[in-house]
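Using the sequences provided together with the hints, build the complete structure.
Protein sequences appear in the order of chains L and E.
With the first letter of the first sequence counted as 1, position 320 gets the number 320 in full-length UniProt numbering; the numbers rise by one all the way through.
With the first letter of the second sequence counted as 1, position 611 gets the number 611 in full-length UniProt numbering; the numbers rise by one all the way through.
For the record, the hints were derived by calculation from the structure and aren't laboratory data.
Hints may contain errors.
Here are the computed lysine to any residue pairs in the SDA-like style, where the Cα-Cα straight-line distance is at most 25 Å [stated by the list, open to error]:
#1 Lys-494(E) / Leu-383(L)
#2 Lys-443(L) / Ala-258(E)
#3 Lys-55(E) / Leu-256(L)
#4 Lys-616(E) / Gln-587(L)
#5 Lys-55(E) / Ala-259(L)
#6 Lys-443(L) / Glu-419(L)
#7 Lys-443(L) / Arg-477(L)
#8 Lys-55(E) / Gly-253(L)
#9 Lys-55(E) / Arg-252(L)
#10 Lys-443(L) / Arg-256(E)
#11 Lys-443(L) / Arg-249(E)
#12 Lys-443(L) / Arg-255(E)
#13 Lys-494(E) / Leu-505(E)
#14 Lys-616(E) / Glu-544(L)
#15 Lys-616(E) / Arg-548(L)
#16 Lys-443(L) / Asp-261(E)
#17 Lys-55(E) / Arg-260(L)
#18 Lys-443(L) / Ala-259(E)
Keep in mind the model is a prediction, meaning the values are calculated, not measured.
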Amino acid sequence: MSVPVRTLAVMPTTRATTEDRSAVRTLLRLWPYVRPVRARLFTAAFVAIVASCTGLVIPLVLKWMVDGPVADRDPAGVWFGALCLLLLGIAEAVLFGIRRWLVARPLSHVEAEMRAGLYRHLQRLPVAFHDRWASGQLLSRGTTDLMLLRMFLAFPLTFLLVNGITILAGMVIMLMQDWVLGLVILAPVIPVMWTCAAFERRYAQVARRAQDQVGDLTTVVEESVLGIRIIKGFGRHRSQARAFGELSLSLRGTELRKARLLAAIWGVIVTLPELAIGAALVLGAVRVADGELSAGTLVAFLSTALALRWPVDSIGFLLAMSQEAATATERYFEVLDEAPESAGEAPAGAAGGSPRPAGRPTGLRFENVRFRYPDAPPDSAPLLARIDLHIRPGESMALVGATGSGKTTLTALVPRLHEVTSGRITLNGVDIAAMPREELRAKVAVAFEEPTLFSTSVGENVLMGAPDGAGEADLERALAVAQADFAHALPQGTDTRVGEQGLSLSGGQRQRLALARAVVARPEFLVLDDPLSALDVHTEAAVEAALRRVLADTTALIVAHRPSTVLLADRVALLSGGRIAAVGTHQELLRHNAEYARLMSADAGYAGETEDSR
Amino acid sequence: MTTTTASTPTAEDDELPGARREDGGGDGDAFDRDVLPAPPGATAALLRSLLAPLKGRAAVTTLLLLFQQAVAQAGPLLVAYTIDNAVPAFRDHRHGPLIAVAVGYLLCALLSGALQFAFIEASARVSQDVLLDLRSRIFRHAQALSIDFHERYTSGRLISRSTTDVESLRELLNEGLQELVTVVLSFVYIAALLLWLDLGLGAVAVASFVPLYLLVRLYQRRAGRVYRARSTAIAAVIVKFVETMNGIRPVRAFRREAANDGEFAALNRRHERTNGDALLEMARYVVGSRLVANTAVAGIVLWGAYRVASGSLELGVLAAAVLYLRRLYDPIDRLGMFLNSYQSAAASLEKIAGLLAQTPSVPEPSEPRGLPPARGDFPGREVVFDGVRFAYRTGGEVLPRFTLTLPAGQTVAVVGSTGAGKSTLAKLLARFYDPSDGRVLLDGVDLRELSVPELRRGVVMVTQEAFLFSGTVADNIAIGRPDATREEIERAAKAIGAHEFISALPDGYDTDVRKRGGRISAGQRQLVAFARALLADPAVLILDEATSSLDIPGERAVQRAMSTVLHGRTAVVIAHRLSTVEIADRVLVMEHGRIVEDGRPAELIAGTGRFADLHKAWRESLA
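Listed below in structure tokens is the structure:
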């Protein structure tokens with residue numbers, strides 16, 4: 001099968017920027033998150049520097065011991081030297097411990113904050129954004145990428161600094177001891193730096209590819225779980241596994257390329273300094289033989305050079321980790337840079353500026369509404385070309401149209417899940433674009449075509465639609481309207497957990513709970529998207545009877561596929577060709593509108609046809 | 001949403017050894033707490049089985065590291081030789097030894113670089129192969145597990161198993177194992193070199209390993225607990241994340257953002273805490289081990305210096321010993337890192353092993369049987385439910401024992417109120433579940449004995465949740481038959497009335513369902529699902545509420561198509577909309593798990609039973 005997984009084409013723009021944006025500049029964007037813990041982080045870095053320098057002093061003490069007390073056979077001096085070593089050793093250990101202790105909680109906190117920030121932001125991004133992005137890609141940003149960032153802050157960031165300073169300090173110490181040998185040791189710095197720079201560029205690209213592939217892999221895993229019934233139903237789990245296998249194989253390829261780059265830089269970083277140390281050893285030996293240098297100085301010098309081995313060696317993987325962190329940051333901000341839905345108030349000058357006409361309910365009105373999905377090609381015809389529709393206060397309007405005519409899209413415009421392209425929608429005369437979303441969505445309750453329940457109790461799922469403080473009585477009433485009394489018969493009654501992590505309910509049961517959720521708050525405006533599709537005839541009739549009472553004083557827009565649902569409404573609007581083609585009662589339209597009649601008459605022509613064909 | 005409250009106990013309970021009960025009673029809890037039972041030793045066995053096929057290459061990799069270490073550790077030895085031999089020789093104008101040192105060092109440097117390169121390459125290969133193997137094992141296993149497992153284990157957890165948990169093994173393999181081998185090797189090397197240089201100094205160094213070992217053990221025990229808690233915590237975060245993103249519309253419409261933020265924050269904080277705990281454990285370990293190491297260095301230097309002063313030790317030996325000592329203890333931090341990644345990987349592997357230990361409750365047959373060749377020229381086959389009873393494992397009988405025969409080619413409508421057991425009947429026939437007692441036979445062959453490809457060619461089920469995979473519309477239809485040509489795909493779409501809307505999409509059949517303009521309504525998705533089923537061309541077709549989101553013309557088109565498509569096929573149609581029933585040869589009315597009416601539609605309608613009732617109500621609803 002093809003669950004063909006290409007690196008998502010949703011972010012071609014970011015691909016291009018990888019090259020011209022420097023890793024440093026990208027990483028600097030982390031600053032606002034790091035700022036709150038900067039004191040501890042800087043202290044920790046300072047402590048680490050002190051600790052490393054403490055480590056560097058140890059060879060000096062050794063030199064002093066070899067040249068002094070040992071050569072002079074002075075036992076007291078030896079004891080003193082050893083005591084110094086012990087104290088320095090203890091100081092180094094404690095300082096390193098303090099460093100880790102300082103950053104442990106704060107860095108976990110930074111990671112958590114960033115994750116919470118991502119989650120918060122994603123919850124507020126336009127629905128159109130979520131339509132485009134596979135949630136696996138989002139998830140991999142919220143998990144693996146952020147873990148990389150925490151590791152970067154804990155380790156490479158500090159140690160690039162610490163090791164840099166350690167190397168510098170070591171260099172100074174070596175130059176002071178003997179400048180000729182010091183220069184020899186310094187020689188490989190330029191070529192190593194050049195290699196690192198070249199490496200950085202190439203590594204960044206490969207690292208980014210690997211992270212994107214992980215995101216794709218996550219998407220396949222997610223889809224294969226969510227679509228498990230289809231995969232099993234068609235016996236496609238082997239081909240699904242094959243698709244997954246191919247993807248993980250290409251991830252493996254990328255990871256191997258990464259490893260090869262890493263191996264190359266390690267090779268260089270290990271070889272060059274070692275060569276320099278070798279040269280210094282030979283040169284030093286000659287000069288000791290000539291009496292220009294003391295044996296103690298040579299020992300101390302080489303000891304320092306060897307102590308610098310780890311800081312130098314580590315530069316390679318520290319850079320690699322930083323590079324990965326930079327791409328992770330880039331991926332993180334790709335999502336965070338998306339503009340969220342505004343809080344809702346329209347820009348000044350729009351209708352929002354004027355005081356709202358209060359107390360005069362005029363119902364729900366669509367005025368010259370045009371809508372095209374923001375990501376649709378700009379030259380394409382808009383899905384909704386010109387919608388003019390007035391639903392009077394307390395009136396319920398059924399919305400009828402062929403499959404794919406844009407009914408669901410139209411309903412999504414009312415709670416502003418999508419924004420109208422032009423025109424306006426008013427609730428009691430107020431442009432919804434001028435209303436804070438929070439307020440708008442409190443006024444308009446929605447039941448979606450796909451009844452999604454969350455992992456919580458039945459009661460909480462229903463009361464989700466109600467304002468705070470709604471109680472048992474509201475719940476009971478809502479359940480009664482939706483004919484969802486089955487909830488009481490569940491193992492723990494209305495406290496039974498449902499949703500992804502709870503009891504799985506049938507489609508009809510879920511639909512009724514979603515309906516209860518929509519009516520629990522006695523909303524002024526109600527939008528129902530084909531709310532009864534999964535119900536059996538008896539239940540449907542019962543729900544309709546109860547719903548009629550609710551609809552009596554509610555302004556409602558109801559997407560309907562069948563006459564029984566249409567009959568809930570006072571009038572019907574026919575959506576066709578992006579316009580409201582006709583408005584009237586069911587009977588009127590049935591008589592005068594051919595398209596409507598075709599959409600609504602169940603067995604006209606059909607029954608006869610099948611009888612014939614049999 | 002009470003995700004928080006429900007999973008809060010996990011962190012604490014996780015630490016109790018009793019948390020992993022294997023008895024049936026604890027089963028539900030195990031799912032809730034994300035601790036599936038794995039037999040003891042399963043984690044280690046899993047790791048072994050992953051590494052087993054790579055034994056040879058792992059050995060080569062280790063060998064490379066061995067050489068690399070040998071070469072890299074030669075430095076101080078050359079220093080000692082230089083000070084004690086080459087310098088005095090040079091003073092005597094014998095240049096040979098110093099030249100030997102120069103050549104030796106040059107070789108060491110080049111070799112150590114080359115070996116380092118080779119090692120990293122080789123080890124990356126090994127670790128990537130292990131990861132590839134593990135990933136696909138998890139994936140395959142999850143796919144092989146039955147529907148009832150998926151209904152209880154959440155997709156978020158499954159994602160967490162195959163991403164963050166695999167990731168922690170990656171860290172172990174990429175960095176950890178290398179660290180471990182380096183650490184062990186350099187310990188052994190340097191200890192041996194020290195012993196060789198001077199028995200006394202060496203012995204003291206080796207003795208210092210004892211407290212280090214104890215420290216490591218202590219850390220390992222404490223960190224294990226912390227890491228298990230952390231792995232559970234991140235899984236909870238993922239579950240919440242996935243649930244929110246997949247339900248973003250209701251989240252928005254019901255203004256759940258703030259409440260969700262709060263709930264997510266609680267889960268996130270729990271992860272933050274366990275994460276911090278893990279880092280602090282590491283800090284404690286580092287302090288302890290550094291203290292032991294630095295104290296040992298001071299002690300050894302003191303003793304060595306004393307002996308040089310008293311003339312029983314050469315200065316060069318002391319110098320080399322001191323250089324080695326620094327190196328000896330250098331890797332203890334890295335040992336910490338290894339332990340770190342080991343613990344985290346162990347916690348993850350334990351969870352993965354728990355998942356892999358789940359046996360499919362609907363297992364594939366060990367000796368699959370084929371179906372007898374189709375009789376006559378129509379594809380339908382006979383279905384028999386032979387003394388079938390079905391109850392959930394947790395108790396609660398859904399279908400009491402019944403026997404039912406559906407002759408080949410018959411179209412059977414199943415009606416009844418929600419919860420009557422219609423879907424369960426369908427799932428038994430599709431073998432999403434196996435019956436608790438009795439058997440389901442397809443042309444006389446027990447479904448449990450059929451090979452998976454044979455079963456899925458034979459029986460196809462279309463449900464009301466029409467999920468689309470990312471990919472093109474054509475790809476999605478082709479799930480029904482991957483080798484279908486574009487022509488066949490289009491024919492299936494045309495037959496079901498989906499061709500029109502598909503052609504109107506921006507790229508027609510090649511429109512990516514996730515990309516620009518690829519929005520497809522619920523009704524259209526159901527049409528795609530139908531086309532998929534049609535393309536599969538099964539002997540038995542099950543439609544479970546498959547037309548619920550279609551409008552009337554759509555439904556009509558589907559039914560028109562069905563009347564030809566179903567001809568000669570055995571079909572089970574579950575629908576609330578009784579229009580479906582009119583194409584049925586036979587109607588079953590179900591109530592509380594029992595079949596209460598069974599007969600031809602016309603007979604039942606004419607009667608006074610439940611179906612006559614239902615039918616009357618339905619006719620009225622069409623008014």
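Verification of the hints:
1. Restraint check for Lys-494(E) and Leu-383(L): the C-alpha separation of about 23 Å stays at or below 25 Å, so the hint holds.
2. With a CA separation close to 17 Å, the supplied pair Lys-443(L) and Ala-258(E) stays within the 25 Å bound.
3. Between Lys-55(E) and Leu-256(L), the direct Cα distance comes to roughly 19 Å. Compliance with the 25 Å bound is thereby established for this hinted pair.
4. Between Lys-616(E) and Gln-587(L), the direct Cα distance comes to roughly 21 Å. Compliance with the 25 Å bound is thereby established for this hinted pair.
5. For a cut-off of 25 Å, the pair hint linking Lys-55(E) to Ala-259(L) stands: about 20 Å separates their Cα positions.
6. With a CA separation close to 17 Å, the supplied pair Lys-443(L) and Glu-419(L) stays within the 25 Å bound.
7. In summary, the hint linking Lys-443(L) to Arg-477(L) is supported, as the alpha carbons are separated by about 19 Å, within the 25 Å threshold.
8. The straight-line distance between the Cα atoms of Lys-55(E) and Gly-253(L) is roughly 21 Å, inside the 25 Å bound, and the hint therefore holds.
9. Between the alpha carbons of Lys-55(E) and Arg-252(L) the distance comes to roughly 19 Å, so the proposed pair stays at or under 25 Å and holds.
10. About 15 Å separates the Cα atoms of Lys-443(L) and Arg-256(E), which keeps this hinted pair within 25 Å; it holds.
11. Under the criterion of a C-alpha separation no larger than 25 Å, the hint pairing Lys-443(L) with Arg-249(E) is consistent with the structure, at around 16 Å.
12. A distance of roughly 11 Å separates the Cα atoms of Lys-443(L) and Arg-255(E); the hinted pair therefore holds under the 25 Å criterion.
13. Proposed proximity of Lys-494(E) and Leu-505(E) is supported: the alpha carbons are some 15 Å apart, at most 25 Å.
14. Only pairs whose Cα atoms come within 25 Å are accepted, and Lys-616(E) paired with Glu-544(L) is accepted, the gap being roughly 17 Å.
15. For the hint pairing Lys-616(E) with Arg-548(L), the CA-to-CA distance comes to about 21 Å; that is within 25 Å, so the pair holds.
16. Using a Cα cut-off of 25 Å, the hinted pair Lys-443(L) and Asp-261(E) holds, with the two alpha carbons roughly 22 Å apart.
17. A distance of roughly 22 Å separates the Cα atoms of Lys-55(E) and Arg-260(L); the hinted pair therefore holds under the 25 Å criterion.
18. With a CA separation close to 18 Å, the supplied pair Lys-443(L) and Ala-259(E) stays within the 25 Å bound.
No hint from the list above goes unmet by this structure.
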